[in-house]
Amino acid sequence: MYSQGLIGADGRTEETQDFLDRFQRRIDAEEKIEPMDAMPAGYRKTLVRQIGQHAHSEIVGMLPEGNWITRAPSLRRKAALLAKVQDEGGHGLYLYAAAETLGVSREEMTEELHCGKAKYSSIFNYPTLSWADIGIIGWLVDGAAIMNQIPLCRCSYGPYARAMIRVCKEESFHQRQGYEICMALAKGTPAQREMLQDALNRWWWPVLMMFGPHDADSLHSDQSMAWKIKRFSNDELRQKFIDATVPQAEYLGLTFPDPEMRWNEEKGGWDHGPIDWDEFWRVVKGFGPMACDRIAARRKAWEDGAWVREAALAHAEKRRARKMAAE
Amino acid sequence: MLYDAVLELADDHLVLGHRLSEWCGHAPMLEEDLALPNMALDLIGTARTLYDHAARLEGQGRDEDALAYLRGEREYRNLLLCERPNGDFAHTMLRQLYFAAFMAPYWQAALGSEDEVIAGVAGKAVKEMAYHIRHAGEWVIRMGDGTDESAARMRAAVADLHIYTGELFEDGAGDAALPSRAEIRPAWDATIAGIFAEALLDVPEVPFPQTGGREGRHGEALGHMLAEMQALHRAHPGAVW
Ligand SMILES: [Fe+2]
Ligand SMILES: [Fe+2]
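Residue numbers (our numbering), protein chains in the order written: chain G, 1089 to 1415; chain C, 3 to 243.
If we strip away everything but chain G, and leave its shape as in the complex, we get:
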């Protein structure tokens, strides 16, 4: 989902060649760039955009899974799902904090999300229609996120890299938990197995799209690779993900909704059929099936909560005034 964070990013810079060369030497030497360091405006802008979109993805991502908290089929699953969705909120919080080190406030980023200017991962614009979706999201969506995020633990920007280390630990826990939900369904009744296969059929292609466009169509990747904001290409990560996922799906007795999926001995990996990029761009541009609902839900929470945030500020102000008066 996080390579989608670079769609439309404009990394062009106007600094002197000497400044850019010195910056590049630091990057090449694997030095971490920290908030107070000089950095090209394009580097800052690319990171603000990517970290912001990543943070928004965590927050919007709470909604599709949150959709099943009140209906989880056992108390154990209910507690685990609630804790998982809460973790995603925590990821959003660290990521907003990392973005704030680059000079943009959480409020500004939130405004951009609500007005449709900032993007978030396309995957969260699909609906969760059954309990099996919760298993599939943990296994595949968190799984794809891990593929994207493990390299980000070595991102050149220090605060982002450190946030990713913390996030990745929790994401791998989510993935195992998701796979475990799928396993229970795979071993369950015919209706449960059908629910699971149906969920895979619906989520498989959108999950592959999480890695972003093919390398040939990915406009700003080269600069991001040079700056070590990005370490692997979209297609490399997608391939790694498919190769890791196929045996796991076979173990569950699932089939992929892709008649062209076959082992390629020569490349030592799985080939897949064509991805529907029209669908991808449609969803990225804000026309995914749940896009309106997601933003509406975020805005509603924000607007309904305005009086609460105002009360907290007013109260803090009163306290300060009283303390001053007492001194």
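Be a bit skeptical, because a hint or two may be false.
What the hints assert, rightly or not - FRET-style restraints, in silico, Cβ to Cβ: (1) G:R1250 x C:G221: 58 to 64 Å; (2) C:G89 x G:E1405: 22 to 28 Å; (3) C:G63 x G:T1277: 18 to 24 Å; (4) G:E1324 x C:A68: 34 to 40 Å; (5) G:R1407 x C:V205: 19 to 25 Å; (6) C:G240 x G:A1314: 55 to 61 Å; (7) C:G218 x G:M1349: 52 to 58 Å; (8) G:T1343 x C:G63: 35 to 41 Å; (9) G:E1405 x C:G221: 35 to 41 Å; (10) G:F1375 x C:A195: 51 to 57 Å.
Said to hold, decoys possible - With the C-beta cut set under 10 Å, the calculated list includes, among others, these residues of chain C facing chain G: (11) H20; (12) L32; (13) E33; (14) A42; (15) L43; (16) L113; (17) G114; (18) D117; (19) I143; (20) D147; (21) G148; (22) A237.
What the hints assert, rightly or not - No more than 30 Å apart at the CA atoms, straight line, and that leaves these computed lysine-lysine pairs for BS3-like: (23) G:K1133 x G:K1316; (24) G:K1328 x G:K1120; (25) C:K129 x G:K1257; (26) G:K1316 x G:K1275; (27) C:K126 x G:K1257; (28) G:K1205 x G:K1133.
Derived by calculation from the structure, the hints in this document are not laboratory data. Glycine is no exception: its CB is placed at the ideal position from the N, C-alpha and C atoms.
Assemble the complex: chain G is given as a structure, and chain C with the ligands must be docked to it using the hints.
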């Protein structure tokens, strides 16, 4: 009977935990999107231990999920306070304060229970409830002494919810292994009075408290909550999740 008394407690915790979980992803700020599920998880965790204990005491082969998912609203024994719909943030935080201000001294009194499970739950829950009082209490104070709007909303929440607090002190099923609920009253009154004083709220007189939850006479909201909570589980009888 200990079984009935434990089941009452379990129902209180599950129903209120479920209510709090409804906020997840929809809170007024991200910090509360973390804090509300945190409190929900405390309550659901306690409910699970108590259901498991009740199921063993009953000895009929039921488990926590059978008790949570396969009883209807007339069989639920929770307090009316716990099932009240979330309303706005003022209602949610006040409901939480009322409950935690009761449970903290209750679990304190249960620490020495002859029933090991109850004593174990009490040891963990005492700390959790102290946190819930602090968190909800601070919000009641911020909203009560915040803006004109928040103060009005806070007063409305008190007017709506205070009538359900009398039920907290009814000794219902009761059991020697559990503290007397009536005796918790002075501690609860003191906590609420302290917080209300700072929140500029008055403790209202309640001529006719609303009760009935312990006999399964609920408000209309509980049935809808259970319908949603139980639908999937009931649609697949005997399935393992
Ligand atoms: Fe996450
Ligand atoms: Fe996750």
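To see whether the hints hold, each was checked on the structure:
no., hint, verdict
1, G:R1250 x C:G221: 58 to 64 Å, "violated, 49 Å"
2, C:G89 x G:E1405: 22 to 28 Å, "holds, 26 Å"
3, C:G63 x G:T1277: 18 to 24 Å, "holds, 20 Å"
4, G:E1324 x C:A68: 34 to 40 Å, "violated, 49 Å"
5, G:R1407 x C:V205: 19 to 25 Å, "holds, 23 Å"
6, C:G240 x G:A1314: 55 to 61 Å, "holds, 58 Å"
7, C:G218 x G:M1349: 52 to 58 Å, "holds, 54 Å"
8, G:T1343 x C:G63: 35 to 41 Å, "holds, 38 Å"
9, G:E1405 x C:G221: 35 to 41 Å, "holds, 38 Å"
10, G:F1375 x C:A195: 51 to 57 Å, "holds, 56 Å"
11, H20, "holds, 7 Å"
12, L32, "holds, 6 Å"
13, E33, "holds, 8 Å"
14, A42, "holds, 6 Å"
15, L43, "holds, 6 Å"
16, L113, "violated, 24 Å"
17, G114, "violated, 28 Å"
18, D117, "violated, 21 Å"
19, I143, "holds, 7 Å"
20, D147, "holds, 6 Å"
21, G148, "holds, 3 Å"
22, A237, "holds, 8 Å"
23, G:K1133 x G:K1316, "holds, 14 Å"
24, G:K1328 x G:K1120, "holds, 27 Å"
25, C:K129 x G:K1257, "holds, 28 Å"
26, G:K1316 x G:K1275, "violated, 43 Å"
27, C:K126 x G:K1257, "holds, 27 Å"
28, G:K1205 x G:K1133, "holds, 15 Å"
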